[in-house]
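Visitor: So you can see what is in the structure, the chains are spelled out below.
4 protein chains.
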Amino acid sequence: MIRAGVLGATGYAGAELVRLLASHKDTEIAMLASKTYAGQKMSEVYPSLRGVCDVVLEEADAETAAQKCDVVFTALPHGVSNEVISALYEKGLKVIDLSGDFRYNDIETYEKWYQVKHSCPELLKVSVYGLCELHREEIKKARLVGNPGCYTTCSILGLAPLLKNNAIETKNIIIDAKSGVSGAGRGLGQAYHFCECTETMKAYKVATHRHTSEIEQELSLIAGEEITLSFTPHLVPMKRGIFATEYANLKKPYTKEELLKMYHDFYQNEKFVRIYDNALPENNHVTGSNFVDIGLTVDERLGRVIVISNIDNLIKGAAGQAVQNMNLMFGLPEDEGLCGAGYYL
Amino acid sequence: MIRAGVLGATGYAGAELVRLLASHKDTEIAMLASKTYAGQKMSEVYPSLRGVCDVVLEEADAETAAQKCDVVFTALPHGVSNEVISALYEKGLKVIDLSGDFRYNDIETYEKWYQVKHSCPELLKVSVYGLCELHREEIKKARLVGNPGCYTTCSILGLAPLLKNNAIETKNIIIDAKSGVSGAGRGLGQAYHFCECTETMKAYKVATHRHTSEIEQELSLIAGEEITLSFTPHLVPMKRGIFATEYANLKKPYTKEELLKMYHDFYQNEKFVRIYDNALPENNHVTGSNFVDIGLTVDERLGRVIVISNIDNLIKGAAGQAVQNMNLMFGLPEDEGLCGAGYYL
Amino acid sequence: MIRAGVLGATGYAGAELVRLLASHKDTEIAMLASKTYAGQKMSEVYPSLRGVCDVVLEEADAETAAQKCDVVFTALPHGVSNEVISALYEKGLKVIDLSGDFRYNDIETYEKWYQVKHSCPELLKVSVYGLCELHREEIKKARLVGNPGCYTTCSILGLAPLLKNNAIETKNIIIDAKSGVSGAGRGLGQAYHFCECTETMKAYKVATHRHTSEIEQELSLIAGEEITLSFTPHLVPMKRGIFATEYANLKKPYTKEELLKMYHDFYQNEKFVRIYDNALPENNHVTGSNFVDIGLTVDERLGRVIVISNIDNLIKGAAGQAVQNMNLMFGLPEDEGLCGAGYYL
Amino acid sequence: MIRAGVLGATGYAGAELVRLLASHKDTEIAMLASKTYAGQKMSEVYPSLRGVCDVVLEEADAETAAQKCDVVFTALPHGVSNEVISALYEKGLKVIDLSGDFRYNDIETYEKWYQVKHSCPELLKVSVYGLCELHREEIKKARLVGNPGCYTTCSILGLAPLLKNNAIETKNIIIDAKSGVSGAGRGLGQAYHFCECTETMKAYKVATHRHTSEIEQELSLIAGEEITLSFTPHLVPMKRGIFATEYANLKKPYTKEELLKMYHDFYQNEKFVRIYDNALPENNHVTGSNFVDIGLTVDERLGRVIVISNIDNLIKGAAGQAVQNMNLMFGLPEDEGLCGAGYYL
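Protein chains in written order, with full-length UniProt numbering: chain H, 1 to 345; chain Z, 1 to 345; chain P, 1 to 345; chain E, 1 to 345.
So here's chain H without its partners, still in its complex pose (with noise of 0.2 Å):
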């Protein structure tokens, strides 16, 4: 059994992650830790998981957390745990960060885009992209991985096939994403009241979103050229899912069968995304699942091609994707613990 710890289980992610660790057979849930909560049992704090896991919350170090596990996983605001992070990986531990701390190549392009130093970057050097479609065979011998953002997983592999052919050009990218409420945390806020997120919508952080670089990253790397993008978060009155709208301009005059079969190739052998030949994802197809539903349409008045790709924040953006690398980095089946299907109600 692999021991596995969460530090900031208490959060939209962490307590995602407690949910899906609860069941998968080959894990154990060694230590859960809360500065909030400390003392309380996970299940007082989302009592969703009484008689599921009814783990007591701990203010857990470094050192207990060497002591007690095989794997951490760290879901807190970025900067907040790199200390921690590098005391484990010093002692030998295996770590999935959910935050931004460790999903860039090049330290600048952080800095940039976070407004902060980052406080241990020779470990930058040895940390892994979690995409795990994207960055299978290093993550499998990685011992820390940056797990990616949620917009960033949906925008990413909705448009790699198409970079990855050539079939498009890299100026005029749009990326029009939406989010459900969950994706902004846990954290209270005038704008996450109720009554002020049903039965409305915003944009916002609108072509500052950090997430942009993340994408840019990714599919430059892909394109072999570098790729600047807009990218405009939404928020949605839905408490799940990323939605995005992808735009780009064909390089010449394909049909929606020469490029469905770009992505057929592309994830040939990827369980988790589903590629959509007659229809169009929506939301409530991927909601409580690991899957990543893409479809498209040739706009061929316009030479454009529209891509949907389609995620649920919490799962494959998250905690769903943090699982799916821990099996990676552990050598299990990689959908271990992550086949259910999902809600759709």
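Just to be clear, a hint being listed does not mean it is correct.
Same chains, same names: a pair is fine if it fits in one copy or spans any two.
For lysine to any residue, the following SDA-like pairs were computed, each having C-alpha atoms within a straight-line distance of at most 20 Å [what the hints assert, rightly or not]: (1) K261 to G51; (2) K41 to D277; (3) K256 to H209; (4) K140 to G185; (5) K112 to D299; (6) K171 to N249; (7) K205 to T255; (8) K35 to D61; (9) K68 to A207; (10) K41 to R136; (11) K205 to L260.
Since the hints were derived computationally from the structure, they do not count as laboratory data.
Based on the hints, put chains Z, P and E in the right spot on chain H.
Guide: The following block gives chains Z, P and E in isolation, referenced to the frame of chain H:
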């Protein structure tokens, strides 16, 4: 492997059954039937199931079902599947019926509340009421189970311990119940149009809802006297959940602790019943799970107890309890395939 | 033109008052006060009001309010505005208080249920309970009105005709009430985070909610005997609305028609009360309006009546009734500024 | 008093028209027609209107309408009311049509995008496109107005100032639009069942939605060159609202202030257009009102502008703009009956 079939697989209860059976390790989905969608894949009707259950829907008859299956779940409106059930039963299969047809001990009660003539009264004599926590031993031996209604499961389990202990007056019992919209099924209706359903609520079938008779049947059995009560269903703007607020006058001035002890004793070995000692249930604690959550308040001023009981209508109130019944009927661990925590989010 | 001021203009009740006053043809908004947002425009806090009410918020004292206003609405938590109200009252202004402070005839009841000492008991003697349909004549002469609570307005108007006609037993009255989330106010709290509020519901303050005492006070007055009753508030995932389901035992076997006649007679000249003869109220019939909708069912089997009453908590349950009170106090048409239909959508 | 009639009064746009007309002080509702509900009161179909509009619905013909009305609003699907409109027009009435039939300058564009033959092309020559902010003077003189679509009103007003000022490239304009569910009308459909609509979202009619052609027509007029663009509609789980995110490449490096000035100048006398200088629109700022809210961000890195425009689809996108058109056609104050603030909550 148990070969399981579902008639009416594309209704909400049917689809939830498919979702649960798809990850039940001792079951294989041997047949899915749907009049409306025969010929299509289950995963075309519910794309959330793509890659999880791509079985093609049939317009199945009893003959086919009997050949392919060991157990058949019938998830059709009352009165519709009696003929098939009768045939399957004769062929030796096990049948779990999710309609109201096989829930009654007394055919007259059924015919009065359902306003139809029962088409196979002889089967009523061998069928067992599938409320697992109350009829476990009979269910284990049954070949035909009438799977309880959602409102009834929630209401009966909420009041049973008090009646068993003779703690409340049997007059003036009031159950004010609130249901999520999936309880109304997948059929179209103006009342279920998103725009006329969100941000609103209503009571319906006040004093006439059929589940009243089912609740009265079971509570009378427990109390050892005939009980009649007020049951008022409401529709609230959420997808899943039965939330019941139950009122009863105490026979003497019990403390909250005394009443809670009755619940702990009554449900001491029940994995799926969770008693709240220091708080009250909330719907997102059970959504997505097979749990029944129960809490209570004693109003000392009025000598009254107010009980809250809460389930997911599609799981413990339909598909989950059906799987629980199957597990019992086949000698499997009762919680097989039902251990997952609820979604919370 | 009546010069109106609002203290606590940026809470939900305050903002709804501003919205209503802005289109009230005999009123001008002379002063809006807010501690938190003083210095900003009202329309910066509520951009829906841009171009409609761009008044700058002040941190107003009694002196300023007295100079600028003829009437002041105080929409602050209980206990907070007594000093200001006292000062304004002495200066001869009319005051409509939306807190619980001036709703009670008996100071002991207030202090028992609110667990605080009333800071200006002398004003309680001159204040009038502002439930327009029951106290119209006193309100017309009043200078200080205690505007009723949302739950109480809905519950009292739902039961008054039955008690007035001595048609129901005064024991075993049960009010099971459901509220939209705006009833909890604009303040932040984990329970009001969109993700923990949508798709779920709960009961709260069972048997202890303060509005119980307010309901008992008024129904006792009508019945001519002291009434105690069960009142259970619930939070349901919609923004607006109080939906109350009331249960009472009939003293003799009345027909539905007989009971409805009591309602039609009792409310025969009431513009804002709508009786349902052939259906039942639904929340989207009142949302956005000052109406009180009432319907009922007689359960002949049990000798019990189930009444449904329904209001918009922010309008008839707060700001609308406050404007209705102002209209009465200033001799304006009672429905001035309140004639609009609800939104339905 | 203007005698107004509505054909198709029980659809969502029709009902919203009735709600607005009922409180319009220079109008009386002279006739409401509905095929489905003829014989019932409007307030039986929409009980929110009880006591506000209890007019009996008729199955009206042109003859009756002409006798009873000065102006008729036709709120029926395209192609359905041409015959009636033709008759009414000949009899000298004023007609405001909410379908797509009279919005086009060029019959071929209509027939291509709607895939039907236009049944009264001669009327197309006299009809005026009723986007008040762009065609005010023609509307004042018109007797037949084609009331614009919801998506189109929002999109056109969002981009018009930039094109008027020649500030953006006319290639690569992308409009990613999100609509509340009422935009789909009151008709039933699986996609609008509450359970399949809440907590989810989707794109639909990608690259083929008819409103594309309407947007292109008007923007081409403003730009003085033929514009083609991407328009992608999405369905999001809220009742009301069109929220459009528009992308365009700047012809030179404008600052945000320079672009905002173009908007302020272009809309300087427009009561219903609100420009955001320091923030961005959010849907609950316009819900329930006739306002168009517009804000923008300049992405200097990419030389691109992202504009947000936002309306209530049933008001400025349908019924409200229809009333605004009526006001213009009858020489009333343009904002008569349309001054109310949005709901926010």
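Visitor: 20 Å Cα cut-off: does K256 pair with H209 within a copy, between copies, both or neither?
Guide: between (31 Å within a copy, 18 Å between copies)
Visitor: Between K35 and D61, at a C-alpha cutoff of 20 Å, which is it: within one copy, between copies, both, or neither?
Guide: within (11 Å within a copy, 42 Å between copies)
Visitor: Since the copies are identical, ignore which copy is meant and state whether K205 and T255 lie within 20 Å (CA to CA) inside a copy, between copies, both or neither.
Guide: between (35 Å within a copy, 18 Å between copies)
Visitor: Cα distance capped at 20 Å. Does K41 pair with D277 within a copy, between copies, both, or neither?
Guide: So K41 and D277 pass the 20 Å test across copies only (15 Å; inside, 46 Å).
Visitor: Regarding K261 and G51, is the shortest C-alpha distance of 20 Å or less found within a copy, between copies, in both, or in neither?
Guide: Between. Shortest inter-copy distance 18 Å satisfies the 20 Å Cα cut-off; intra-copy 46 Å does not.
Visitor: Checking K171 and N249: alpha-carbon separation at most 20 Å within a copy, between copies, both or neither?
Guide: both (8 Å within a copy, 11 Å between copies)
Visitor: Is it within, between, both or neither when you check K68 against A207 at 20 Å Cα-Cα?
Guide: Neither way: K68 and A207 sit 43 Å apart in one copy and 46 Å across, limit 20 Å.
Visitor: Between K205 and L260, at a C-alpha cutoff of 20 Å, which is it: within one copy, between copies, both, or neither?
Guide: Between copies only: 18 Å across chains, 32 Å inside a chain, cut-off 20 Å.
Visitor: Within, between, both or neither: how does the pair K112, D299 come out at a Cα-Cα threshold of 20 Å?
Guide: So K112 and D299 pass the 20 Å test across copies only (16 Å; inside, 36 Å).
Visitor: Using 20 Å as the alpha-carbon threshold, which applies to K140 and G185: within, between, both, or neither?
Guide: So K140 and G185 fail the 20 Å test inside a copy (29 Å) and across (45 Å) alike.
Visitor: First find the shortest C-alpha distance between K41 and R136 inside one copy, then the shortest across copies, and answer within, between, both or neither for a cut-off of 20 Å.
Guide: For K41 and R136, the Cα distance exceeds 20 Å both inside one copy (35 Å) and across copies (32 Å).
In this structure, the earlier hints numbered 4, 9 and 10 are contradicted, and the remaining ones agree with it.
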